[in-house]
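Q: Given the sequences, and given the hints that come with them, work out the whole structure.
Residue numbers (our numbering), protein chains in the order written: chain A, 1 to 149; chain B, 1 to 788.
Treat the hints with caution; some may be incorrect.
[To be verified] Here are the computed lysine to any residue pairs in the SDA-like style, where the Cα-Cα straight-line distance is at most 25 angstroms:
id : chain 1 : residue 1 : chain 2 : residue 2
1  : B       : K131      : A       : V86
2  : B       : K131      : A       : Q81
3  : B       : K430      : B       : N491
4  : A       : K91       : B       : K430
5  : B       : K95       : B       : K131
6  : B       : K698      : A       : M5
7  : B       : K698      : A       : A79
These are calculated hints, taken from the structure and not from any lab test.
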Amino acid sequence: MAMTMTGEVHLPADRQTVWDKLNDPEVLKACIPGCQTLDRTGENGFSAVVKLKVGPVSATFKGNVELQDLDPPNGYKIAGQGEGGVAGFAKGGAKVSLSDAEGGGTILRYDVEANVGGKIAQLGARLIDGVAKKNADAFFANFGKIMQQ
Amino acid sequence: MSMSGIGAPVRRKEDFRFITGKGHYTDDINRPGQAHAVFLRSPHAHATINRIDASAALKMPGVLAVFTGDDLAADKVGGLICGWMIHSKDGSPMKAGAHPALAQGKVRYVGDHVAVVIADTYAQAREAAEKIVVDYTVLPAVTDMNAAVKPGAPVVHDVASDNTVYNWHLGDKAATDAAFAKAKHVTKLDIVNNRLVPNAMEPRAAVGDYDFGADSFTLYTTSQNPHVARLVLSAFIGIAPEHKLRVIAPDVGGGFGSKIFIYAEETVCVWASKKVGRPVKWTADRTEAFLADAHGRDHITHAELALDDKGKILGLRVNTKANLGAYLSTFSSSVPTYLYAPLLSGQYDIPAIYAEVDGIYTTTAPVDAYRGAGRPEATFVVERLMEVAAREIGVDPAQFRKKNFVTKFPHQTPVIMCYDAGDYNASLEKALEMADYKNVGKRKRESAKKGLLRGVGISAYIEACGIAPSAAVGSLGAGVGLWESAEVRVNPIGTVEILTGSHSHGQGHETTFAQLVSSRLGVPIDNVSIVHGDTDKVQMGMGTYGSRSGAVGMSAIVKALDKIEAKAKKVAAYVLEASDADIEFKDGKFSVKGTDKSVDFPSVALQAYIAHKFNGQDLEPGLKESAFWDPTNFTFPAGVHICELEIDPQTGVTRIDRWTAVDDFGEIINPMIVEGQVHGGIAQGIGQALCEGAVYNKDGQLLTASYMDYTMPRADDVPSYNVGMTQTRCPSNPLGIKGCGEAGAIAAPPAVVNALTDALGHENVPMPATPHAVWRAAQSTIAKQAAE
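A: Here it is, written out as structure tokens:
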């Protein structure tokens with residue numbers, strides 16, 4: 001089933017700083033909720049292990065993430081897919097764009113489209129949007145904190 | 001009528017154990033040394049399997065084995081079969097793709113069986129299943145039937161490159177075209193019959209147990225027809241020859257058709273019990289039931305009804321696409337064909353009918369028989385058309401039906417069936433009276449004052465039950481005969497055991513069958529026990545579905561009881577020292593005509609076994625007889641249901657205010673059980689009409705895979721039912737029974753939708769008519785009312 005989510009967040013750092021952090025695997029790992037490993041596999045590719053809980057389904061997703069259409073320091077696209085074993089699978093992407101905010105800082109816009117299948121779709125159908133939103137909020141809250149460090 | 005014989009509202013004997021938790025279901029069975037199976041199911045609707053890596057799973061604690069389709073193939077275990085051959089218009093046989101119990105190279109729906117893990121405990125098997133790595137290449141899914149038949153659509157099975165299993169037809173096309181050519185009015189309707197998940201209260205389960213000493217298998221399974229399961233597992237799947245395979249279906253908690261079929265899980269459990277050398281048990285969780293029980297209904301239909309200038313029907317034309325899912329389940333091919341189109345004449349005298357049905361493969365769970373099986377779909381088409389046609393020509397829907405009813409019997413329809421008996425006017429008149437139909441207008445005005453929309457809908461259904469004459473269904477492609485067997489064992493003290501090939505999974509056979517025996521032999525029903533569901537006890541049988549256990553199963557018992565009576569009379573003649581021609585049997589007593597000499601049934605039973613009063617060469621000792629009954633015709637239960645409801649256009653909530661059901665089931669053994677069957681059937685039909693709908697998204701993910709997203713009717717969704725009966729005896733079996741198990745589910749959906757559309761003033765409301773759908777449909781009604 002498909003899930004879409006869009007939003008924007010104001011970050012207290014300039015565009016170049018935000019861009020650098022967005023390309024730092026250690027930062028991403030610290031910010032992605034449930035992320036256990038994030039290892040670079042190529043110039044723009046990563047392998048990741050993420051533990052997720054959607055309603056009654058809890059699973060460890062193993063997958064690959066690739067950064068595409070890199071346009072420093074304005075944005076990129078993240079495309080990825082993961083297998084959660086019996087829990088099912090997830091695949092999708094997010095378009096991330098950065099712009100200067102009025103009065104300082106950076107506006108990050110995201111536009112996510114994802115598909116999930118298997119048990120998460122069967123049991124979590126009506127929870128997925130909520131879980132996705134919660135995870136996105138958590139990511140940017142973490143990311144915002146790192147910006148302030 | 002005695003207190004416990006035919007016609008008495010006897011409380012169900014079996015209910016005490018059911019309501020006190022003492023039933024004995026498949027999941028209650030635990031064999032020594034038993035291991036547990038968990039199936040790894042496909043998360044994809046359509047994918048090729050490149051590789052299955054079970055190495056990590058095999059290292060998990062407690063794991064005995066992981067099997068895949070390759071292991072079944074190596075053991076030459078055959079695929080699951082579809083037992084009814086349908087031929088397309090051009091005479092070519094249906095295109096049935098292979099259906100392995102575990103996928104071989106490809107998965108075709110979410111929930112398809114990829115591998116099985118067998119471990120010491122269920123939890124260990126589940127944990128290990130997580131460790132199996134499957135490398136899939138995901139292929140595009142196709143869930144929509146119209147999309148599936150378009151060129152370039154993803155192909156589910158290579159044997160059916162256009163995803164079409166068959167293009168079947170029935171009836172006289174030329175005669176029907178001619179009828180339409182001279183029609184004064186033609187009513188046209190596009191209909192979607194929504195897809196349903198069966199949802200028996202007890203999920204499916206299986207325990208396979210191989211005995212190395214005897215080299216024989218026992219399978220405990222949730223089956224409506226254990227003998228058919230044994231036949232298929234033996235003759236087609238090749239688990240073991242029949243004498244080396246015992247199938248036991250103990251207490252079964254509801255089937256509704258979904259437990260007729262022979263599925264992958266029981267096949268794998270019984271086969272694997274020999275492979276791992278231990279009994280293997282599997283019980284479905286509720287999600288598995290949603291994913292992998294055969295679903296029901298799922299038709300798209302265009303139908304047209306031709307009328308003359310006096311409102312008489314001239315012809316009916318029907319074109320249906322039936323979703324058969326990703327594989328052909330055991331009887332799936334017959335449901336939208338021979339169980340559907342022959343019922344399209346309804347209760348009406350229709351001179352010409354032509355029906356075309358395309359069976360379509362999609363990447364969804366298999367679709368097969370579900371309570372009513374084809375007949376609800378046919379009734380929905382006919383009764384929606386009747387209602388809409390009456391509205392279009394401005395005639396009262398009740399009068400329009402009456403004008404077109406079949407009134408002379410036997411009546412040969414243009415679509416195979418020969419109706420043997422009925423009185424459709426009687427049911428309609430009684431229903432109209434009970435429903436206070438003449439004052440509906442007044443009640444509508446009262447509702448309108450409260451801002452509510454009230455509607456009334458009639459459904460005059462017919463069904464074909466008591467399936468079926470073996471030679472007749474054989475000529476239509478059935479792979480089996482549909483007779484039934486019975487054995488009557490009278491014990492020396494006069495208690496009776498009835499062995500039947502019918503199977504009770506909620507119908508109350510232990511009570512009704514005992515009532516029959518009590519009536520015939522004059523013994524109390526507590527002295528009668530019913531033995532069913534075990535292939536080692538009952539030699540052969542065809543099981544329970546299609547409301548056949550009364551009309552066919554009990555007829556076999558009657559035939560065996562006839563033999564018992566004849567034999568017992570001979571014994572009684574010796575005891576009473578009279579000629580057996582002079583022996584009369586009544587109220588449990590044998591007496592000599594014209595004398596006061598008599599002996600009761602238990603005494604005769606005892607004499608039959610001690611065999612002191614007669615010479616064993618002249619008369620065999622013992623009192624045990626068996627019989628097979630092959631029906632002479634289908635039976636034709638029919639009736640009229642009237643639904644009256646109110647819609648709140650502000651919220652879209654539908655409240656059913658009144659439900660009137662008048663059914664003609666022929667002779668009735670236990671009116672309380674019959675009424676219970678009617679109640680349950682209507683609730684299921686209301687479920688289809690207002691609540692239930694299985695939804696796949698375009699990727700083939702089942703979005704309604706739990707009770708959070710799939711709505712079953714609840715107590716407050718259904719009204720108090722006003723149930724009445726009319727009666728014409730069925731001439732096609734000795735008891736005059738027609739069958740009652742499916743009637744409610746057949747009658748209800750069109751009654752609800754006809755009432756909804758009456759309330760709304762237009763025909764555009766889908767099933768399930770959820771509050772959201774009704775709210776949307778009511779907006780145009782409100783707008784129209786405001787404009788007026």
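Q: Determine for every hint whether it applies to the structure shown.
A: Going through the hints against the structure:
This hinted pair checks out: K131 of chain B and V86 of chain A have alpha carbons roughly 9 angstroms apart, not beyond 25 angstroms. About 18 angstroms separates the Cα atoms of K131 of chain B and Q81 of chain A, which keeps this hinted pair within 25 angstroms; it holds. Of the supplied pair hints, the one linking K430 of chain B and N491 of chain B is violated, its CA atoms being roughly 46 angstroms apart against a limit of 25 angstroms. For the suggested pair K91 of chain A and K430 of chain B, the alpha carbons sit about 60 angstroms apart, so the restraint of at most 25 angstroms is broken.
For the hint linking K95 of chain B to K131 of chain B, the alpha-carbon distance of about 36 angstroms lies beyond 25 angstroms, and the restraint is violated. Proposed proximity of K698 of chain B and M5 of chain A is supported: the alpha carbons are some 19 angstroms apart, at most 25 angstroms. Taking the CA atoms of K698 of chain B and A79 of chain A, the gap is about 21 angstroms. The hint holds against a cut of 25 angstroms.
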